[in-house]
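J.: Chain order of the listed sequences is H and R.
When we follow the numbering used here, the leftmost residue of the first sequence carries the number 1, and every step to the right adds one.
When we follow the numbering used here, the leftmost residue of the second sequence carries the number 1, and every step to the right adds one.
Do not take every clue at face value.
What the hints assert, rightly or not - Computed Cβ-Cβ distance ranges for the label pairs, DEER-style: (1) R:Phe-391 to H:Val-195: 43 to 53 angstroms; (2) H:Ala-66 to R:Leu-368: 51 to 61 angstroms; (3) H:Ala-16 to R:Lys-277: 46 to 56 angstroms; (4) R:Ala-175 to H:Ala-66: 33 to 43 angstroms; (5) H:Pro-110 to R:Ala-192: 19 to 29 angstroms; (6) H:Leu-121 to R:Ala-192: 22 to 32 angstroms; (7) R:Phe-391 to H:Val-12: 50 to 60 angstroms; (8) H:Leu-29 to R:Ala-414: 57 to 67 angstroms; (9) H:Ser-167 to R:Thr-425: 52 to 62 angstroms; (10) H:Ile-59 to R:Ala-246: 35 to 45 angstroms.
What the hints assert, rightly or not - Covered stretches of chain H (chain R as the covering partner; in silico rule of three or more C-beta atoms under 8 angstroms from a C-beta of chain R): (11) 137-151; (12) 167-174; (13) 179-193.
To be verified - Only part of the chain R face toward chain H is listed, based on derived beta-carbon distances under 7 angstroms: (14) Gly-68; (15) Met-136; (16) Leu-139; (17) Val-143; (18) Tyr-146; (19) Val-154; (20) Thr-161.
Just so you know, the hints here were simulated from the structure itself, not pulled from any lab data.
Each residue gets a CB set at the ideal place from its N, CA and C atoms; glycine is no exception.
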Amino acid sequence: MTLEILSWAAVVLILATSAVILANRDWRLSLGALTLQYFAAFWLITRHLPFVMGSAKLITGWMVVAILGMTKLGLSAEAEENAPTFLPRGQWFRLILFAAVALAAAGATPRIESGLPGLGLQVIAGSLFLIGAGMIHLGAASDIFNTILGLLTMIAGFEVLYAAIESSLLVTGLLAVANLGLGLSGAYLLTAGTVALESEETL
Amino acid sequence: MSAPFLWIIAPLFASGFILFFLRNRFASLAGGTFSAALSLVALIFPMDVALLVGPFSVKISPAIQILGRSLAFNPAQGSLIAAIYGLAALWFFGVHASGSANRFVPLGLMVVALLTASIAVEPFLFAALLMNIAAMLALPLLVPLYQPPGRGAVRFLIYQTIAMPFILFSGWLLAGVEAGPSEFGATLQAGAVLLLGFAFLLGVFPLYNWIPMLMEEAHPYVAGFLLWALPTFTIIFALGFFDRYAWLRSSPQLFSAIQISGAVMAASGGLFALQEKHIGRILGYAAVVEVGLLALALSVKSPNLTDIVFLLLIPRGLELAIWSLALSIVKRRVYSLRFSELKGMARKTPLAFAALILSHLSVTGFPLLAGFPPRLALWRELAEQSLTLSFWVYLGLIGLLAAAMRTMAVFLMAKENDTWEWNETWTQSVMLGVGVIGLFLLGMFPQVVQPFISGLPALYQHLGP
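Next up, chain H with everything else stripped away, as it sits in the complex (with noise of 0.2 angstroms):
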């Protein structure tokens, strides 16, 4: 009874990180939001998957964080001065339709748990929030730093529902390289045309 109150507090703080993740525009707030957002992957996953599996995808994940927070850190206080930070319309925008997606998926999920039985009514919902939430992300970001959250945020929804149906050691290991390198993707991306050309080396 009290792993499946834990599994439910996973699915809100999934439904809160992923509404944080979409509305604000600060990255210092979307990461620790995305922090969260891991340990309650981590959890679900856990239902299905041994501890120590698990708690590579959160290390994985918190990882990803790291890199991502440490390249946003490195990047010039100019670069981030004309980044918006507060966007009124959209931030409505997102939240309406990302309360939408909530609801769908939560149609959703008694329907596939009825398909796919064992699975877990929390799995189930906290992986379609994830994914309907990544998807939302990808849909209305226009800057890199909030398509690798969208990407990352979908990526995790897979995973918590893919945990529940492969066990294996190979594909743990590679959805940890796989998320591994979007945050590196991620970070190269950012860092990209911050650096000068100096010479022919560089190309």
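Chain H is already provided as a structure; the job is to place chain R on it using the hints.
T.: Frame of chain H, contents of chain R only:
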């Protein structure tokens, strides 16, 4: 020695060595020679057969275990690996001539090694993950550190990443469909998810908008390499799906969907190329047409399906390599690859111009060139099944042909007093010359690819004759 070590792990180590210790021409030579050697080994030494080489007995075992799963090659895949590494060698030898970044060779070799792993990994579904990682590795090639990333590169990353969950889920759904094929809802879901996954991976209409964008933003040689490597392995992956799941082979709806998307890609790619004024983007649309042709080849109901697919894949690597190299050489002399900047360039870079036009014509299926025999074979099969589909393919290729004519006209629009100059270096001249000879060789004697494709139908026992 094991095959996965030889063709996956060793190239990864070699790429690390090249990345840290070699530069410029040496990197290009080392990467090209190493790939050519791997290709030769694949061609000469059959897997899982003990051979006596002098006093030594050599046997390449086809599989190794990693994290509880296996990387296993089918012994019949030797010729396929030989073709892949042979074409990769061609790309790597051309790197120095193209003026691409130093890291092209090591990262390119890593991409090829990972994609080769994708045809060996068991269960084969996990290939989607390896392809995703390979796509991420390619990003530093597409976006130089001094240049802000463009929309094409970002969309490329998004689409390749989104494809992975779809493919992995579809495999799981397909397993369910195999268990109970009578459930229409389940088959529909599995088919839709699978098609979406491949649509993102291959850039099926309308998801191919990143291809011309990328050709405009990135170095043509790098983008051309990706447009060769990723669809090639995706098609091989798709063949694996068709071979393994009986339901897929017997679904008329799925084949119709593939046929229609292939025809739309071929026609729209050709027509977009026709109205394009940027020769890099024209290459992008030509690559779209080729993917459309490959999709159509996958959908023909013919015992020669695998032959046609591989007959299309091998010249494709050569065409794209020469075209991209020629574009790179031209790009070094002009501000942009727009028609307005290229007037009279035929007199400044005559060999690059000739190679560019010939590779372009080859993609359109011009007789005597490499693209002609596979298109003829595909057309014959298509015409037997649907004249409408053949017409759309014809329209697309006519569009590409018209684009070639426009490009030729622009390159030849020189001022009267402009003189002919030979500005290509000897390396560039040799690479382009060898490539053009290859185009004619494959066009006039298509049987030269026979050693590479003769054993491949055995890989796909349910698709072959």
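J.: For every hint, state whether the structure bears it out.
T.: Checked hints:
no.	hint	in the structure
1	R:Phe-391 to H:Val-195: 43 to 53 angstroms	holds (51 angstroms)
2	H:Ala-66 to R:Leu-368: 51 to 61 angstroms	holds (58 angstroms)
3	H:Ala-16 to R:Lys-277: 46 to 56 angstroms	holds (50 angstroms)
4	R:Ala-175 to H:Ala-66: 33 to 43 angstroms	holds (37 angstroms)
5	H:Pro-110 to R:Ala-192: 19 to 29 angstroms	holds (22 angstroms)
6	H:Leu-121 to R:Ala-192: 22 to 32 angstroms	holds (24 angstroms)
7	R:Phe-391 to H:Val-12: 50 to 60 angstroms	holds (57 angstroms)
8	H:Leu-29 to R:Ala-414: 57 to 67 angstroms	holds (59 angstroms)
9	H:Ser-167 to R:Thr-425: 52 to 62 angstroms	holds (55 angstroms)
10	H:Ile-59 to R:Ala-246: 35 to 45 angstroms	holds (41 angstroms)
11	137-151	holds (count 4)
12	167-174	holds (count 6)
13	179-193	holds (count 9)
14	Gly-68	holds (5 angstroms)
15	Met-136	holds (4 angstroms)
16	Leu-139	holds (5 angstroms)
17	Val-143	holds (5 angstroms)
18	Tyr-146	holds (4 angstroms)
19	Val-154	holds (6 angstroms)
20	Thr-161	holds (5 angstroms)
The structure agrees with every numbered hint stated previously.
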